[in-house]
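Enquirer: Go by the hints and put chain B onto chain A.
Protein chains in written order, with the working numbering: chain A, 1 to 115; chain B, 1 to 109.
Simulated from the structure, these hints should not be mistaken for lab results. A few of these clues could be false.
[Said to hold, decoys possible] Negatives, chain B to chain A, calculated, CB over 10 Å: (1) P7; (2) A16; (3) E41; (4) T44; (5) F45; (6) V50; (7) G102.
[What the hints assert, rightly or not] Subject to a maximum C-alpha distance of 20 Å in a straight line, what follows is the list of computed SDA-like cross-link-like pairs (lysine to any residue): (8) A:K11 / A:L115; (9) A:K57 / B:F29; (10) B:K57 / B:K68; (11) A:K11 / B:T26; (12) A:K14 / A:E83; (13) A:K57 / B:T44; (14) B:K57 / A:L115; (15) A:K11 / A:Q102; (16) A:K11 / A:P70; (17) A:K57 / B:G94; (18) A:K57 / B:S27; (19) A:K57 / B:N92; (20) B:K57 / A:H105; (21) A:K57 / B:T98; (22) A:K57 / B:A39; (23) A:K57 / B:A93.
Cβ coordinates follow ideal geometry from the N, Cα and C atoms, glycine included.
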Amino acid sequence: DTGVSQDPRHKITKRGQNVTFRCDPISEHNRLYWYRQTLGQGPEFLTYFQNEAQLEKSRLLSDRFSAERPKGSFSTLEIQRTEQGDSAMYLCASSNSRDTRQPQHFGDGTRLSIL
Amino acid sequence: GQNIDQPTEMTATEGAIVQINCTYQTSGFNGLFWYQQHAGEAPTFLSYNVLDGLEEKGRFSSFLSRSKGYSYLLLKELQMKDSASYLCAGGNAGNMLTFGGGTRLMVKP
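The shape of chain A in the complex, shown without the other chains (with noise of 0.2 Å):
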């Protein structure tokens, strides 16, 4: 078990360009997880997957925000049109759905910086 990996551990990017931030979660979890978190702030919902089926999407999920998880393995968010104000740690989290008790395991996150 080698956990939750994500990739970048940093993107650094001009105002106006896309970014993509892959996610590999812990190989039997089913469920995967995408938030965000600002400095000094708690972690913010963004959406979750199934398998390759994303089940919610929170309403800070602009358009400019898309994630997939073609295969039910890993997943990429992508951010097009990037702007200053998505500057933040996105943490990718994963668990298994067959027990409710199990956490959700979280990765080190990406943090993106927007100039």
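Expert: Same frame as chain A, now just chain B:
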């Protein structure tokens, strides 16, 4: 939706006991989670309560009262390494988590 409230900051002394409170208002409540997060690192799971009462895990305990919409995390025998943010989160049926803003705990010698 859910609304989670917890204090922003707390300070305690090494070796002491500290209690971090969390109140919540929820719909579709499916348990209360506590996570620890050191600066620049991922949140790590500490405890989960779905029934009323106390869950004990070594130096850490967590309590839940569903009727009062209240939980606390109790840390005993504080160590310097316990300085971190402690996140209270409510889970719903899809196990999506709604987090509070986190309580930053500073442990002093």
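Enquirer: All hints, please: hold or fail.
Expert: Verification of the hints:
1. P7: 13 Å, holds
2. A16: 25 Å, holds
3. E41: The claim breaks: E41 (chain B) does not keep its Cβ more than 10 Å from every Cβ of chain A (closest is about 7 Å).
4. T44: 7 Å, violated
5. F45: Per Cβ check, F45 (chain B) is inside 10 Å of chain A; nearest 4 Å; violated.
6. V50: With a cut-off of 10 Å, V50 (chain B) comes too close to chain A, as the shortest Cβ separation is near 7 Å.
7. G102: 5 Å, violated
8. A:K11 / A:L115: It holds: about 11 Å lies between the C-alpha atoms, which stays within 20 Å.
9. A:K57 / B:F29: 18 Å, holds
10. B:K57 / B:K68: 23 Å, violated
11. A:K11 / B:T26: 35 Å, violated
12. A:K14 / A:E83: Given pair K14 (chain A), E83 (chain A) holds - Cα atoms ~9 Å apart, limit 20 Å.
13. A:K57 / B:T44: 24 Å, violated
14. B:K57 / A:L115: Violated: K57 (chain B) and L115 (chain A) sit about 44 Å apart, past 20 Å.
15. A:K11 / A:Q102: With Cα atoms ~31 Å apart, K11 (chain A) and Q102 (chain A) exceed 20 Å; violated.
16. A:K11 / A:P70: 23 Å, violated
17. A:K57 / B:G94: 12 Å, holds
18. A:K57 / B:S27: With a Cα-Cα distance of about 17 Å, the restraint between K57 (chain A) and S27 (chain B) holds, given a limit of 20 Å.
19. A:K57 / B:N92: Measuring from Cα to Cα gives roughly 14 Å; hence the hint holds.
20. B:K57 / A:H105: 18 Å, holds
21. A:K57 / B:T98: Holds: K57 (chain A) and T98 (chain B) sit about 13 Å apart, inside 20 Å.
22. A:K57 / B:A39: Distance of about 27 Å is beyond 20 Å: violated.
23. A:K57 / B:A93: Within the cut-off at roughly 15 Å; holds.
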